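Next come the chains, spelled out residue by residue.
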Amino acid sequence: MDALIAALYAIPILGIVFELGGYLIATLPAISPLIIQAATPLTLGAMCGVLCERSGVVNIGIEGIMLASAFTGWVVGVIVAPILGGDASAFFGITPALLVAVAAAVLVALLISLLHAWLSITIRADQIISGTIINIAAFGVTGYLNTLIAAGSPTSAGNFVPFHPPSELVNLPVVGWLLDAFLSQGPIAMSMIVIVIVLQVLLFRSRWGLRTRAVGEHPKAAETVGINVIRLRYRNVILSGIFAGLAGAYLSMEATNSFQAGMTVGRGFIALAALIIGRWTPVGAFLAALLFATSDALGQAIVISAPGGALGDVVNAIPAQFYNALPYLVTIVVLAGLIGRSIPPAADGQPYQREAAT
Amino acid sequence: MSGSETGPRGSRRLGRWISVLALPAISIGLAIIVGAILILVSELAIPNRAFNLGLPLDAYSSLFVGALGSPAAIVQTLVFTAPLLLAGLSVGIGFRAGLFNIGALGQFLVGALGACWVGLALRDAPPLVAFPAALVAGAAGGFLFGFVPGFLKAQSGAHEVVTTIMLNYVGIYVLAAAVSGPLRAPGSPNPITQDVANAGLPIVIGPNGHLGLVIALAAAFGVAWLLYRTTLGFEIRTVGANPEAARYAGMRPRYLIILTMSLSGMLAGLAGAGQLLGVNHQLNAAYSTTVGFDGIAVALLGRSNPIGIVFASLLFGAMRAGAGLMQIKAQIPPELVDVLQATILLFLVASPVIRRLFHLRGAGEMVDSPTITATYGGGPEVAAH
Numbered sequence: 058m059d060a061l062i063a064a065l066y067a068i069p070i071l072g073i074v075f076e077l078g079g080y081l082i083a084t085l086p087a088i089s090p091l092i093i094q095a096a097t098p099l100t101l102g103a104m105c106g107v108l109c110e111r112s113g114v115v116n117i118g119i120e121g122i123m124l125a126s127a128f129t130g131w132v133v134g135v136i137v138a139p140i141l142g143g144d145a146s147a148f149f150g151i152t153p154a155l156l157v158a159v160a161a162a163v164l165v166a167l168l169i170s171l172l173h174a175w176l177s178i179t180i181r182a183d184q185i186i187s188g189t190i191i192n193i194a195a196f197g198v199t200g201y202l203n204t205l206i207a208a209g210s211p212t213s214a215g216n217f218v219p220f221h222p223p224s225e226l227v228n229l230p231v232v233g234w235l236l237d238a239f240l241s242q243g244p245i246a247m248s249m250i251v252i253v254i255v256l257q258v259l260l261f262r263s264r265w266g267l268r269t270r271a272v273g274e275h276p277k278a279a280e281t282v283g284i285n286v287i288r289l290r291y292r293n294v295i296l297s298g299i300f301a302g303l304a305g306a307y308l309s310m311e312a313t314n315s316f317q318a319g320m321t322v323g324r325g326f327i328a329l330a331a332l333i334i335g336r337w338t339p340v341g342a343f344l345a346a347l348l349f350a351t352s353d354a355l356g357q358a359i360v361i362s363a364p365g366g367a368l369g370d371v372v373n374a375i376p377a378q379f380y381n382a383l384p385y386l387v388t389i390v391v392l393a394g395l396i397g398r399s400i401p402p403a404a405d406g407q408p409y410q411r412e413a414a415t
Numbered sequence: 018m019s020g021s022e023t024g025p026r027g028s029r030r031l032g033r034w035i036s037v038l039a040l041p042a043i044s045i046g047l048a049i050i051v052g053a054i055l056i057l058v059s060e061l062a063i064p065n066r067a068f069n070l071g072l073p074l075d076a077y078s079s080l081f082v083g084a085l086g087s088p089a090a091i092v093q094t095l096v097f098t099a100p101l102l103l104a105g106l107s108v109g110i111g112f113r114a115g116l117f118n119i120g121a122l123g124q125f126l127v128g129a130l131g132a133c134w135v136g137l138a139l140r141d142a143p144p145l146v147a148f149p150a151a152l153v154a155g156a157a158g159g160f161l162f163g164f165v166p167g168f169l170k171a172q173s174g175a176h177e178v179v180t181t182i183m184l185n186y187v188g189i190y191v192l193a194a195a196v197s198g199p200l201r202a203p204g205s206p207n208p209i210t211q212d213v214a215n216a217g218l219p220i221v222i223g224p225n226g227h228l229g230l231v232i233a234l235a236a237a238f239g240v241a242w243l244l245y246r247t248t249l250g251f252e253i254r255t256v257g258a259n260p261e262a263a264r265y266a267g268m269r270p271r272y273l274i275i276l277t278m279s280l281s282g283m284l285a286g287l288a289g290a291g292q293l294l295g296v297n298h299q300l301n302a303a304y305s306t307t308v309g310f311d312g313i314a315v316a317l318l319g320r321s322n323p324i325g326i327v328f329a330s331l332l333f334g335a336m337r338a339g340a341g342l343m344q345i346k347a348q349i350p351p352e353l354v355d356v357l358q359a360t361i362l363l364f365l366v367a368s369p370v371i372r373r374l375f376h377l378r379g380a381g382e383m384v385d386s387p388t389i390t391a392t393y394g395g396g397p398e399v400a401a402h
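Protein sequences, first through last, are from chains V and S.
Under the working numbering, the first residue of the first sequence is numbered 58, with each subsequent residue one higher.
Under the working numbering, the first residue of the second sequence is numbered 18, with each subsequent residue one higher.
Everything labelled a hint here was simulated from the structure, so no lab data went into it.
Treat each hint with caution, since some may be false.
Said to hold, decoys possible - Pair ranges (Cβ atoms, derived):
(1) V/Thr-179 - S/Gly-239: 38 to 48 Å
(2) V/Glu-274 - S/Trp-242: 40 to 50 Å
(3) V/Val-322 - S/Phe-328: 30 to 40 Å
(4) V/Ile-254 - S/Val-296: 33 to 43 Å
(5) S/Phe-328 - V/Ala-87: 21 to 31 Å
(6) V/Asn-314 - S/Ala-67: 25 to 35 Å
(7) V/Gly-233 - S/Ile-345: 52 to 62 Å
(8) S/Ile-345 - V/Gly-78: 19 to 29 Å
(9) V/Ala-377 - S/Ala-62: 34 to 44 Å
(10) S/Gly-239 - V/Ile-180: 43 to 53 Å
As the list claims (entries may be wrong) - Quick look at which bits of chain S chain V covers, simulated, 3 or more residues with Cβ under 8 Å:
(11) 93-105
(12) 332-340
All figures in this text were calculated on a predicted structure; none of them were measured in a lab.
For every residue, glycine included, the Cβ atom is placed at its ideal position computed from N, Cα and C.
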């Protein structure tokens, strides 16, 4: 077997492809928990987008909502941690302070979503401009307050810790690494998977889902069968904030334990791309997010432990920044390749105006 | 506009200008109040020092002095205005064609990189050869970085909002890779380039008012001429206002999308080139700018009109120029400027409410161009092909 692999690797030029395959097979299981972690904020952000756009409202403010939630969660944690106190429990490292902080992060996300709903549904403003305002404002307000707060070098409320699955499970042959990937996660990453499945089922198998899709595809027809388009859109856009809020909370309370200005670094926008590539379905968006997360994690893995042999020479010849740019490049390429076959809800982005009842 | 005109015609024109300017003026006024509230609330919530009720006043007065308080400050404001003006034109010309270019950041960086690359190669050449060549290289870099999302949109319908944002990050890393690798100054311990020397833009006014100011203003007139005095400009505006009508009239939406995005990128690239050759003179690996997103605010406040964009960029340029003094004198983080910008835009977008509150009539729509969201996710004009 080893001799066969060595022979394959020795083939000129083509050998590199085999080496790449070998490297991927060896590396991917090891970094699979990292992939799920990287996919978590992207997927949650995309769930926010799915709910909005299926109801006919474009939301490019996901980035800003995530940023505002990440900041709020961190700040509220800093404030309430000394008051509530208490040691981290063994279970996910949950403390009362962290729970309050997550609730605050989600609350802020709901409020910003309410603003977006008001601007796009009632004011009938251009929804992309509304989203842009949210992004600029979130960047400005969080950066402003963070500079002031960081001057006092506050103590963070800590962060959620991943679950440790029993080693018998992880060491199972073939499926062990998959179990490891999904179970070695903190509470938000784990709930992300549940959210994706529940949303998928609700959207395509429930009365609410049918109505939501009707409002996104043909609001006038929906109105004639007695669906209150405005109210349903409001409800869905506001509720979608929960997911963006959780995505933000994940960044400052599970992936790290602090806030940095602009820490979302475009994840809200990659979430949008994931939504489009996933054809506006929760599971599709999750799979697309996995694709970006994989390229992200692989880019980091290559920098940390470069492969050997001829492949290593190629990898080392490419500047490290290329691997940083990899998820963004993959997004562009996949988006350009797939979009022709990816059709948005028909009324996506169109404000709804009820016919005048005269 | 002109005080010399009298009679009913003159006063009617004056009335029209007042109604056009009332909404932005009210939005700016309300944003200043919101900023003041933010300062006071953050002062109460984060007690870093003794509470000072006059802090908003201190902040705004140092902002004002820093922006317009002396001839040098005014030149500094102009220096901050030049890239904002070009970026605002970049976003504005896109809006006119119904395109939303959020990629001005990446195009700016690639423009700065292109200008730096050629500038370094020609740093010992005669200035009159070196700086025009470097400027052209910067504009070409931006053009290319605008062409890509334009081409992708026309070809496959990939929405420019997503692709241009992705290209922003690509631009950041391309620049970092170039500065860490081929452009790195020989023997330098840090990823930083040499000074562009002779390729630097000549100073035309004050201590640091470089030629880029003139170029930016000329670009505003150039874009105005293109949009309102040429057939191409008419086609761009038509495809933005009504893609269906444009196609029936025999225009080519795909070609116009690619061309407009490329021109838009070129303007942002020129902003980067001007900033590099006129102000920074060298690149480091972390070189970046707020100009990309500021350009969106400028274009919206200027209602995608080149003349409006000139005034909007002056306002935001003054705020950016004064933010430094505001931080030193009143210890106010410069991000306050972002908050002010977002709030101004918020009130502009919520114009129906503002109009009702202030009894304004006929102030016109905020964005004269059609809703940008209409082309989201492929768009009818591309899908129909």
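Problem set entry | Hint check against the structure, violated hint numbers in rising order | Result: hints 4, 5, 8, 10, 11 and 12 break, sorted rising.
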